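One point on numbering: in this note's numbering, the residue at position 16 of the sequence shown is 1219, and numbering is uninterrupted.
Source of the hints: derived by calculation from the structure; they are not laboratory data. One thing to keep in mind: the hints can contain errors.
Said to hold, decoys possible - Label pairs and their calculated CB-CB ranges:
| hint | residue 1 | residue 2 | range |
| --- | --- | --- | --- |
| 1 | Arg1287 | His1241 | 21 to 27 Å |
| 2 | Ser1306 | Arg1223 | 34 to 40 Å |
| 3 | Arg1274 | Gly1243 | 42 to 48 Å |
| 4 | Leu1268 | Leu1292 | 17 to 23 Å |
| 5 | Phe1242 | Ser1275 | 39 to 45 Å |
| 6 | Thr1266 | Gly1307 | 38 to 44 Å |
| 7 | Arg1277 | Asn1246 | 46 to 52 Å |
| 8 | Ile1265 | Gly1297 | 20 to 26 Å |
Predicted model only: the values in this text are computed from it and were never measured. Here a beta-carbon is modelled for each residue, glycine too, at the ideal position from N, C-alpha and C.
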Amino acid sequence: MKRIRAFGDDRKTPSNSDYRPDIDGLGPLSVLGVIANHFGFPNITGGFTGVDAFFVVSGFRITRLIVDVIRSNRVFWADFYVRRFRRILPVGLGVVRAAPLVSGRCVRRL
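Use the sequences and the hints to build the structure in full.
What follows is the structure in C-alpha coordinates.
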(Lines of atoms letter the chains of each structure in order from A and count residues from 1; the text may use other names and numbers.)
(Lines give C-alpha, C1' and ligand atoms only; values in the text may rest on other atoms or scores of the structure.)
Protein backbone atom coordinates (compact mmCIF):
# COMPACT_ATOMS: atom_id res chain seq x y z
CA MET A 1 0.00 0.00 0.00
CA LYS A 2 1.44 3.34 -1.04
CA ARG A 3 1.56 6.07 1.57
CA ILE A 4 0.11 9.44 0.60
CA ARG A 5 2.56 12.23 1.38
CA ALA A 6 1.41 15.63 2.56
CA PHE A 7 2.87 18.86 1.21
CA GLY A 8 6.33 19.25 2.71
CA ASP A 9 6.21 15.80 4.31
CA ASP A 10 9.77 14.54 4.62
CA ARG A 11 9.20 11.63 6.97
CA LYS A 12 10.64 8.27 6.14
CA THR A 13 8.22 5.86 4.53
CA PRO A 14 7.13 2.69 6.34
CA SER A 15 8.98 0.58 3.76
CA ASN A 16 12.26 2.06 4.96
CA SER A 17 14.07 -0.14 7.48
CA ASP A 18 14.71 2.93 9.70
CA TYR A 19 11.02 3.72 10.05
CA ARG A 20 9.84 3.78 13.68
CA PRO A 21 6.05 3.47 13.98
CA ASP A 22 6.30 3.80 17.76
CA ILE A 23 7.93 7.22 17.45
CA ASP A 24 5.55 8.17 14.64
CA GLY A 25 2.56 7.47 16.89
CA LEU A 26 3.82 9.40 19.91
CA GLY A 27 3.39 12.79 18.24
CA PRO A 28 -0.39 12.55 17.75
CA LEU A 29 -0.84 11.05 21.23
CA SER A 30 1.01 13.93 22.83
CA VAL A 31 -1.09 16.44 20.88
CA LEU A 32 -4.27 14.69 22.07
CA GLY A 33 -3.07 15.08 25.66
CA VAL A 34 -2.62 18.81 25.16
CA ILE A 35 -6.02 19.18 23.49
CA ALA A 36 -7.74 17.21 26.26
CA ASN A 37 -6.09 19.43 28.85
CA HIS A 38 -7.22 22.61 27.09
CA PHE A 39 -10.81 21.42 26.79
CA GLY A 40 -10.82 20.60 30.50
CA PHE A 41 -12.04 17.02 30.34
CA PRO A 42 -12.50 15.74 33.89
CA ASN A 43 -9.86 13.33 35.20
CA ILE A 44 -7.67 13.85 32.11
CA THR A 45 -4.46 15.67 32.87
CA GLY A 46 -1.14 15.74 31.16
CA GLY A 47 -1.17 18.78 28.95
CA PHE A 48 2.32 19.74 30.05
CA THR A 49 3.50 16.16 29.64
CA GLY A 50 2.05 16.15 26.13
CA VAL A 51 4.03 19.26 25.24
CA ASP A 52 7.20 17.72 26.66
CA ALA A 53 6.63 14.48 24.74
CA PHE A 54 5.97 16.40 21.52
CA PHE A 55 9.25 18.30 21.84
CA VAL A 56 11.17 15.10 22.60
CA VAL A 57 9.70 13.33 19.56
CA SER A 58 10.40 16.34 17.33
CA GLY A 59 13.96 16.58 18.61
CA PHE A 60 14.48 12.87 18.02
CA ARG A 61 13.25 13.12 14.43
CA ILE A 62 15.31 16.19 13.58
CA THR A 63 18.45 14.84 15.25
CA ARG A 64 18.08 11.55 13.41
CA LEU A 65 17.67 13.41 10.10
CA ILE A 66 20.78 15.51 10.77
CA VAL A 67 22.86 12.45 11.75
CA ASP A 68 21.76 10.58 8.59
CA VAL A 69 22.71 13.51 6.38
CA ILE A 70 26.08 14.02 8.09
CA ARG A 71 26.89 10.32 7.69
CA SER A 72 26.09 10.49 3.98
CA ASN A 73 28.37 13.56 3.52
CA ARG A 74 25.67 15.60 1.79
CA VAL A 75 25.44 19.38 2.02
CA PHE A 76 21.96 19.99 3.29
CA TRP A 77 21.50 23.06 5.49
CA ALA A 78 19.58 25.12 2.94
CA ASP A 79 17.48 22.11 1.95
CA PHE A 80 16.90 21.26 5.62
CA TYR A 81 15.48 24.70 6.40
CA VAL A 82 13.42 24.84 3.18
CA ARG A 83 11.75 21.56 4.16
CA ARG A 84 11.06 22.84 7.70
CA PHE A 85 9.56 26.02 6.22
CA ARG A 86 7.40 24.07 3.74
CA ARG A 87 6.16 21.80 6.49
CA ILE A 88 5.48 24.39 9.21
CA LEU A 89 4.22 27.37 7.17
CA PRO A 90 0.87 25.90 6.02
CA VAL A 91 -0.03 24.80 9.55
CA GLY A 92 1.14 28.09 11.02
CA LEU A 93 -0.98 30.08 8.59
CA GLY A 94 -3.96 27.88 9.41
CA VAL A 95 -3.51 28.57 13.11
CA VAL A 96 -3.17 32.30 12.50
CA ARG A 97 -6.40 32.25 10.48
CA ALA A 98 -8.35 30.03 12.88
CA ALA A 99 -7.29 31.63 16.19
CA PRO A 100 -9.32 34.84 15.81
CA LEU A 101 -12.40 32.88 14.72
CA VAL A 102 -12.20 30.41 17.58
CA SER A 103 -11.34 33.01 20.18
CA GLY A 104 -14.20 35.21 18.99
CA ARG A 105 -16.63 32.37 19.66
CA CYS A 106 -15.08 31.27 22.95
CA VAL A 107 -14.45 34.57 24.68
CA ARG A 108 -17.45 36.04 26.43
CA ARG A 109 -18.41 39.53 25.51
CA LEU A 110 -18.01 41.88 28.45
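Now the hints, each set against the structure:
{"no.": "1", "hint": "Arg1287 - His1241: 21 to 27 Å", "verdict": "holds, 25 Å"}
{"no.": "2", "hint": "Ser1306 - Arg1223: 34 to 40 Å", "verdict": "holds, 36 Å"}
{"no.": "3", "hint": "Arg1274 - Gly1243: 42 to 48 Å", "verdict": "holds, 46 Å"}
{"no.": "4", "hint": "Leu1268 - Leu1292: 17 to 23 Å", "verdict": "holds, 18 Å"}
{"no.": "5", "hint": "Phe1242 - Ser1275: 39 to 45 Å", "verdict": "holds, 44 Å"}
{"no.": "6", "hint": "Thr1266 - Gly1307: 38 to 44 Å", "verdict": "holds, 39 Å"}
{"no.": "7", "hint": "Arg1277 - Asn1246: 46 to 52 Å", "verdict": "holds, 49 Å"}
{"no.": "8", "hint": "Ile1265 - Gly1297: 20 to 26 Å", "verdict": "holds, 22 Å"}
Of the numbered hints given earlier, the model fails none.
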